[in-house]
Amino acid sequence: MLRHVLAGLLAIALIACSRDGSDANNPYPASDSSRRIVYDFFSERPKHLDPVQSYVENEADILYQIYEPLYDYDFLKRPYALKPQLATAMPKVRYLDARGRKLPDRAPAGRVARTVYEIHIREGVRFQPHPAFARDDKGGDGHYLYHALTPGDIAGKYMPSDFAQSATRELTAEDFAYQIKRLARPGLQSPVFETLKLIDGLEELQAQLATDVKQGKISPAGWIDLRKYPLRGVETPDAHTLRITLHGKYPQFVYWLTQTFVVPVPWEADRFFSQPGMKQNNLTLDVWPVGTGPFMQAKHDANREIRLVRNPNWRGETYPCEGSDADRAAGLLKDCGQALPLIDAISLQKESEAIPFWNKFLQGYYDQFNSARMSLASFDSAVSMPERGGLDITDDMQKRGIRLQTEVEPGVRYYAFNMLDPVLGGGENAASQEHARKLRQAISIAIDIEEQLAVFYNGLGMPAQGPIPPGIAGYRDGCAGRNTVVYDCVNGKVQRKDIAVARKLLAEAGYPDGRDAKSGEPLILYFDGVGSAGGRIDWLAQQFKKLGIQLVPRLTDFNRFQDKTRSGNFQILFWGWGADYPDPENFLFLFYGKHARSKYDGENTANYINPEYDRLYVQLKAMDIDDPARTALIDRMVAMLRYDAPWVFGWHDEAFFLRHAWLQNTKPGRIIRSSRKYQRVDTALREQQRHAWNRPVLWPAAVLIALLLLGGWQMRRMVRRREARRALPVVDTKALPGESS
Amino acid sequence: MIAYLLRRLLWAIPILLGVNLLLFALFFIVNTPEDMARAHLGVKRVSAESIARWKSERGYDKPLFINTAAQGSKRLTDTIFFDKSVRMFALDFGQSDEGRNINHELGTRMWPSLALAVPSFLLGLAIAISVALLLALARYTAFDALTTVACVVMMSISGLFYIIAGQFIFSKLLAWVPISGYQPGLDAVRFLILPVVIGVMAGIGSSVRWYRAIFLEEMGKDYVRTARAKGLSELRVLFGHVLKNGMIPILTGVVVVIPTLFLGSLISESFFGIPGLGSFTIDAIQSQDFAIVRAMVFIGALLYIVGLILTDISYTLVDPRVRLQ
Numbered sequence: 001m002l003r004h005v006l007a008g009l010l011a012i013a014l015i016a017c018s019r020d021g022s023d024a025n026n027p028y029p030a031s032d033s034s035r036r037i038v039y040d041f042f043s044e045r046p047k048h049l050d051p052v053q054s055y056v057e058n059e060a061d062i063l064y065q066i067y068e069p070l071y072d073y074d075f076l077k078r079p080y081a082l083k084p085q086l087a088t089a090m091p092k093v094r095y096l097d098a099r100g101r102k103l104p105d106r107a108p109a110g111r112v113a114r115t116v117y118e119i120h121i122r123e124g125v126r127f128q129p130h131p132a133f134a135r136d137d138k139g140g141d142g143h144y145l146y147h148a149l150t151p152g153d154i155a156g157k158y159m160p161s162d163f164a165q166s167a168t169r170e171l172t173a174e175d176f177a178y179q180i181k182r183l184a185r186p187g188l189q190s191p192v193f194e195t196l197k198l199i200d201g202l203e204e205l206q207a208q209l210a211t212d213v214k215q216g217k218i219s220p221a222g223w224i225d226l227r228k229y230p231l232r233g234v235e236t237p238d239a240h241t242l243r244i245t246l247h248g249k250y251p252q253f254v255y256w257l258t259q260t261f262v263v264p265v266p267w268e269a270d271r272f273f274s275q276p277g278m279k280q281n282n283l284t285l286d287v288w289p290v291g292t293g294p295f296m297q298a299k300h301d302a303n304r305e306i307r308l309v310r311n312p313n314w315r316g317e318t319y320p321c322e323g324s325d326a327d328r329a330a331g332l333l334k335d336c337g338q339a340l341p342l343i344d345a346i347s348l349q350k351e352s353e354a355i356p357f358w359n360k361f362l363q364g365y366y367d368q369f370n371s372a373r374m375s376l377a378s379f380d381s382a383v384s385m386p387e388r389g390g391l392d393i394t395d396d397m398q399k400r401g402i403r404l405q406t407e408v409e410p411g412v413r414y415y416a417f418n419m420l421d422p423v424l425g426g427g428e429n430a431a432s433q434e435h436a437r438k439l440r441q442a443i444s445i446a447i448d449i450e451e452q453l454a455v456f457y458n459g460l461g462m463p464a465q466g467p468i469p470p471g472i473a474g475y476r477d478g479c480a481g482r483n484t485v486v487y488d489c490v491n492g493k494v495q496r497k498d499i500a501v502a503r504k505l506l507a508e509a510g511y512p513d514g515r516d517a518k519s520g521e522p523l524i525l526y527f528d529g530v531g532s533a534g535g536r537i538d539w540l541a542q543q544f545k546k547l548g549i550q551l552v553p554r555l556t557d558f559n560r561f562q563d564k565t566r567s568g569n570f571q572i573l574f575w576g577w578g579a580d581y582p583d584p585e586n587f588l589f590l591f592y593g594k595h596a597r598s599k600y601d602g603e604n605t606a607n608y609i610n611p612e613y614d615r616l617y618v619q620l621k622a623m624d625i626d627d628p629a630r631t632a633l634i635d636r637m638v639a640m641l642r643y644d645a646p647w648v649f650g651w652h653d654e655a656f657f658l659r660h661a662w663l664q665n666t667k668p669g670r671i672i673r674s675s676r677k678y679q680r681v682d683t684a685l686r687e688q689q690r691h692a693w694n695r696p697v698l699w700p701a702a703v704l705i706a707l708l709l710l711g712g713w714q715m716r717r718m719v720r721r722r723e724a725r726r727a728l729p730v731v732d733t734k735a736l737p738g739e740s741s
Numbered sequence: 001m002i003a004y005l006l007r008r009l010l011w012a013i014p015i016l017l018g019v020n021l022l023l024f025a026l027f028f029i030v031n032t033p034e035d036m037a038r039a040h041l042g043v044k045r046v047s048a049e050s051i052a053r054w055k056s057e058r059g060y061d062k063p064l065f066i067n068t069a070a071q072g073s074k075r076l077t078d079t080i081f082f083d084k085s086v087r088m089f090a091l092d093f094g095q096s097d098e099g100r101n102i103n104h105e106l107g108t109r110m111w112p113s114l115a116l117a118v119p120s121f122l123l124g125l126a127i128a129i130s131v132a133l134l135l136a137l138a139r140y141t142a143f144d145a146l147t148t149v150a151c152v153v154m155m156s157i158s159g160l161f162y163i164i165a166g167q168f169i170f171s172k173l174l175a176w177v178p179i180s181g182y183q184p185g186l187d188a189v190r191f192l193i194l195p196v197v198i199g200v201m202a203g204i205g206s207s208v209r210w211y212r213a214i215f216l217e218e219m220g221k222d223y224v225r226t227a228r229a230k231g232l233s234e235l236r237v238l239f240g241h242v243l244k245n246g247m248i249p250i251l252t253g254v255v256v257v258i259p260t261l262f263l264g265s266l267i268s269e270s271f272f273g274i275p276g277l278g279s280f281t282i283d284a285i286q287s288q289d290f291a292i293v294r295a296m297v298f299i300g301a302l303l304y305i306v307g308l309i310l311t312d313i314s315y316t317l318v319d320p321r322v323r324l325q
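Just so you know, the sequences run in chain order A and B. If you count the first sequence from 1, position 328 lands on 328 in my numbering, and the numbers rise without skipping. If you count the second sequence from 1, position 224 lands on 224 in my numbering, and the numbers rise without skipping.
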């Protein structure tokens, strides 16, 4: 037994030492140690990598490295600035009236029947190498090698690289047209179809395709050659010009052109993956994207690792040279003019739990930590909060060379009042609406967001003064930007109003000291949430108690919670919104009446309906992004929201990023998802640090072996003693009766 | 015996059907097809039309058990239950709700699960039996008392604690093995050592106590006294007689779990990043992927039935008095 244990330990030691001198606890292959690979993680397997369907952050981190939209945001500029990516310039926009006549550039929305975006696409851009492009004459007009495969041909093949041949071809405007048509394809669920159906003819195309499916002409399971289906609103006058026509005027459309819903998808790839037998082997566009970007997916083991490697066909780009003084001081301009990408590969490891992730980060096996993506296993050991405010990293982190960066995220968290509720919304009667408004205002003052952030979120967050977060047009800093219903300006600083103001408002609302002025009954409100009761719910109840209001939590699972929000069966809930694009319209639309959750299943969770606000919103939506009149309109709308208080404006999350010294060129910016190509990694420093931090401590192994030996020896002694022991005590037979002589 | 086994296998069909029926009822009480669609489509900008399309394309727009709108046998066959259940009896689990091939996933994920579960099981069994025999040998001594107390302590500690403490001590402080992760081939050993050791540690307390009780009971029996009277050494008595007879109740508890080793460990795989069937199941539950949950429950039930049959067979092997009829 002991021999076997020792042999096992020896085997373990041999395996541990057999890694060419690399550290025994290094989870990566030794051959990767000198490669410029950035290590990061994913906690949930990507559900969709099809650019039509994908709409979540962890998938965007993969997709935006592979696909290139027409436009992107400048890596360093803040506020976010658009720049052409696959387009050669910003789109030429033409407004047409109902008769098709050209209108002036600043034409009012009411006159605009159609908007035409004309975009010139870069020439010479090629797709990543892929078997879908392979032809029998190496790129000529020969037939495609892998477009008529049988399930037998596909057997044993689980990734594109399992096919012997691959090729590429040049990007054309048709590839964009093909992808836009895919938004309407049966079998694909695009989350933004409702928004993008303003592309002229897209809705009709969807109906046409659905009819053809019903008539058996096409099957969602097979390949649908979308090239044969015309789409009125998308034209390609030549190979490198894309013309998109929209119904009406929607200046925010340009932001959608920065997203993967409008990227080039080659028909060959769609055809290739639609063949029988492909889906059974997980060979689909939803798993294996085919793009023109700086990286391509080389490995998709969603249970373990997703690896992106350089795309040898990438058109090339250089590191930006324009940045702020802060960027220069942070060393973000050192690589000015360098050819991108600066790394060879991105290895995304599956990591479900926070504790192992954090420990591996400290060991140097992950290059960065982002608090927005993974909860911090040990906040206090990593980050300190100095008295001057803000965040700092602890001495231990500093010794390791870890750097801290923070960003107030382009999003907002809020408590929503259900405006359909008679108590909180006020119903139809003007007087009761006024009472309800005062009640909402009183609650807005009473819920101390600053305290909530300090107690439950380590102070990470900026109390919101309205729906628009910092960095987005319409946001104002300091006293000028305060929510005057909830905050005062004291000595130049924004300060929450005294609770007495809230009590006064409550009394005016008809609930002095939290009791109905007429019946004397206590005011009871219900908070609908997810999960189980705990400190946060108790804290929230205490906030209401300051006004004498009883808050009753109604907690349930997420599905039931969603049911309640959809049916309007709630009074107060807690929710949030993260920006799709950096424009105030993307926040102000959350209050548009035609987006009311209960009636239209939209994003207006509070079911706030205000005809005047709606009128202004429609006006805003149609205004050009750079229209100077927009600011005044936004101010008016925000003021209206503060006064009506359909939300208790909570806070804007503050994310923090920790990165090791060897990882360079990281700048927080959640809207920019293509930033991997700018990152640089100093592999020599990483290796050196990893060795220093992960030297195996061997003496406990010696102690363990010694203990086992000692234990074994003791066992042996005990067994021998037992063996040698007599079964019965020694009896002097002479002393027995009858034995005496 | 063959007739008995055949009978048991035939009984498995209604059992599996019942398990499936119960699973469908429970799953759809908690999650409606609309909930599933929303879980898959996300929470932003989801329209009623896209939910309807999602349900229709996956066959979740049909009634659950009885289609009152259909005629004849279609009242039962044109339902979610029939659509999703029948193929499973041919072990064809189809596509996950995300569109991935479940059979392929099972085929690839089974091996990491087995690589973790089999050594944990065998090593745990060997160590537990050895320690229990030692305790039986050293019964009623201070060593016995101390080890029994240690076993109770080990039983009382949560498995999660072993994992977190193990990762902290062996991976972070001592830097002997990786904290989590997995590589195929021989390199997998580095990633499996710690979870295997922790798996053994977490389970050993209860096993040792149980096996010790079995061995002590056996040691009080007449055949042991006879063996001793014959002059056999204590070790011969222990290994030659007590162990053999003690294995009958041990087998009852052990053989039944052998087939379920395929299913992997839910917590260990998640914490150690082992891409097995345990983490597959956890991910599916979290993402409300009913197709995967259904497949895993079906396989679990099937393997449990196989385990019970194997237990019956093992009785006949270790105890000649038992005959299967």
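A couple of the hints might just be wrong.
Subject to a maximum C-alpha distance of 20 Å in a straight line, what follows is the list of computed EDC-like cross-link-like pairs (lysine to aspartate or glutamate) [said to hold, decoys possible]:
#1 B:Lys44 with A:Asp635
#2 A:Lys599 with B:Glu49
#3 A:Lys279 with B:Asp78
#4 B:Lys62 with B:Glu49
#5 A:Lys214 with B:Asp187
#6 A:Lys564 with A:Glu508
#7 A:Lys214 with B:Asp61
#8 A:Lys594 with B:Glu98
#9 A:Lys564 with B:Asp187
#10 A:Lys497 with A:Glu451
#11 B:Lys172 with A:Asp396
#12 B:Lys44 with A:Glu44
#13 A:Lys545 with A:Asp557
#14 B:Lys172 with A:Asp367
#15 A:Lys564 with B:Asp35
#16 A:Lys667 with A:Asp367
#17 B:Lys44 with A:Asp557
#18 A:Lys217 with B:Glu57
#19 A:Lys546 with A:Glu508
#20 A:Lys279 with B:Asp92
#21 A:Lys77 with A:Asp327
#22 A:Lys299 with B:Asp144
#23 B:Lys44 with A:Asp538
#24 B:Lys172 with A:Glu451
#25 B:Lys55 with A:Asp380
#26 B:Lys55 with A:Glu57
#27 B:Lys44 with A:Asp367
#28 A:Lys299 with B:Glu98
#29 B:Lys172 with A:Glu57
#30 A:Lys599 with B:Glu98
#31 A:Lys497 with A:Asp516
#32 B:Lys44 with A:Glu603
#33 A:Lys299 with A:Asp601
#34 B:Lys44 with A:Glu508
#35 B:Lys172 with A:Asp380
#36 B:Lys55 with A:Glu194
#37 A:Lys197 with B:Glu49
#38 A:Lys599 with B:Asp35
#39 B:Lys230 with A:Glu723
#40 A:Lys214 with B:Asp78
These aren't lab readings, by the way, just hints derived from the structure by calculation.
Against the structure, the hints:
1. Only pairs whose Cα atoms come within 20 Å are accepted, and Lys44 of chain B paired with Asp635 of chain A is rejected, the gap being roughly 26 Å.
2. A hinted pair counts as satisfied when its Cα atoms are at most 20 Å apart, and Lys599 of chain A with Glu49 of chain B qualifies at roughly 14 Å.
3. The straight-line distance between the Cα atoms of Lys279 of chain A and Asp78 of chain B is roughly 25 Å, outside the 20 Å bound, and the hint therefore fails.
4. In summary, the hint linking Lys62 of chain B to Glu49 of chain B is supported, as the alpha carbons are separated by about 16 Å, within the 20 Å threshold.
5. Distance check on the hinted pair: Lys214 of chain A and Asp187 of chain B sit about 52 Å apart at the alpha-carbon level, beyond 20 Å; violated.
6. Using a Cα cut-off of 20 Å, the hinted pair Lys564 of chain A and Glu508 of chain A is violated, with the two alpha carbons roughly 30 Å apart.
7. Proximity of Lys214 of chain A to Asp61 of chain B is assessed by CA-CA distance (about 16 Å); at most 20 Å being required, the pair is judged to hold.
8. Proposed proximity of Lys594 of chain A and Glu98 of chain B is contradicted: the alpha carbons are some 31 Å apart, above 20 Å.
9. For the hint linking Lys564 of chain A to Asp187 of chain B, the alpha-carbon distance of about 50 Å lies beyond 20 Å, and the restraint is violated.
10. Our distance criterion of 20 Å between C-alpha atoms is met by Lys497 of chain A and Glu451 of chain A, whose separation comes to about 14 Å.
11. A distance of roughly 15 Å separates the Cα atoms of Lys172 of chain B and Asp396 of chain A; the hinted pair therefore holds under the 20 Å criterion.
12. The straight-line distance between the Cα atoms of Lys44 of chain B and Glu44 of chain A is roughly 18 Å, inside the 20 Å bound, and the hint therefore holds.
13. A C-alpha spacing of about 26 Å is found between Lys545 of chain A and Asp557 of chain A, which places the hinted pair above 20 Å, so the restraint is violated.
14. For the proposed pair Lys172 of chain B and Asp367 of chain A, the alpha carbon gap of about 17 Å is at most 20 Å, so the pair holds.
15. About 12 Å separates the Cα atoms of Lys564 of chain A and Asp35 of chain B, which keeps this hinted pair within 20 Å; it holds.
16. For the proposed pair Lys667 of chain A and Asp367 of chain A, the alpha carbon gap of about 14 Å is at most 20 Å, so the pair holds.
17. Of the supplied pair hints, the one linking Lys44 of chain B and Asp557 of chain A holds, its CA atoms being roughly 18 Å apart against a limit of 20 Å.
18. Distance check on the hinted pair: Lys217 of chain A and Glu57 of chain B sit about 17 Å apart at the alpha-carbon level, within 20 Å; holds.
19. A distance of roughly 16 Å separates the Cα atoms of Lys546 of chain A and Glu508 of chain A; the hinted pair therefore holds under the 20 Å criterion.
20. In summary, the hint linking Lys279 of chain A to Asp92 of chain B is supported, as the alpha carbons are separated by about 14 Å, within the 20 Å threshold.
21. Our distance criterion of 20 Å between C-alpha atoms is met by Lys77 of chain A and Asp327 of chain A, whose separation comes to about 9 Å.
22. This hinted pair does not check out: Lys299 of chain A and Asp144 of chain B have alpha carbons roughly 53 Å apart, beyond 20 Å.
23. This hinted pair does not check out: Lys44 of chain B and Asp538 of chain A have alpha carbons roughly 29 Å apart, beyond 20 Å.
24. For the suggested pair Lys172 of chain B and Glu451 of chain A, the alpha carbons sit about 36 Å apart, so the restraint of at most 20 Å is broken.
25. The hinted pair formed by Lys55 of chain B and Asp380 of chain A fails the criterion: a straight-line CA distance of about 46 Å is larger than 20 Å.
26. Between Lys55 of chain B and Glu57 of chain A the alpha-carbon distance is near 24 Å, which puts this suggested pair outside the 20 Å criterion.
27. The suggested pairing of Lys44 of chain B with Asp367 of chain A is violated, with an alpha-carbon distance near 30 Å, which exceeds 20 Å.
28. Note on Lys299 of chain A and Glu98 of chain B: the hinted pairing holds, with a Cα-Cα distance of about 19 Å set against a maximum of 20 Å.
29. Our distance criterion of 20 Å between C-alpha atoms is broken by Lys172 of chain B and Glu57 of chain A, whose separation comes to about 30 Å.
30. Restraint check: the Cα-Cα separation between Lys599 of chain A and Glu98 of chain B comes to about 29 Å, which exceeds 20 Å; the hinted pair is violated.
31. Under the criterion of a C-alpha separation no larger than 20 Å, the hint pairing Lys497 of chain A with Asp516 of chain A is inconsistent with the structure, at around 24 Å.
32. Pair hint Lys44 of chain B plus Glu603 of chain A holds up; C-alpha atoms about 7 Å apart against a cutoff of 20 Å.
33. Proximity of Lys299 of chain A to Asp601 of chain A is assessed by CA-CA distance (about 38 Å); at most 20 Å being required, the pair is judged violated.
34. Taken as a hint, the Lys44 of chain B and Glu508 of chain A pair is broken in the structure, with Cα atoms around 37 Å apart against an allowance of 20 Å.
35. The straight-line distance between the Cα atoms of Lys172 of chain B and Asp380 of chain A is roughly 18 Å, inside the 20 Å bound, and the hint therefore holds.
36. Among the hinted pairs, Lys55 of chain B with Glu194 of chain A is consistent with the structure: their alpha-carbon atoms are about 18 Å apart, no more than 20 Å.
37. Pair hint Lys197 of chain A plus Glu49 of chain B holds up; C-alpha atoms about 13 Å apart against a cutoff of 20 Å.
38. For the hint linking Lys599 of chain A to Asp35 of chain B, the alpha-carbon distance of about 18 Å falls within 20 Å, and the restraint holds.
39. Between Lys230 of chain B and Glu723 of chain A, the direct Cα distance comes to roughly 14 Å. Compliance with the 20 Å bound is thereby established for this hinted pair.
40. Simply put, Lys214 of chain A and Asp78 of chain B have alpha-carbon atoms about 18 Å apart, close enough for the 20 Å limit, and the pair holds.
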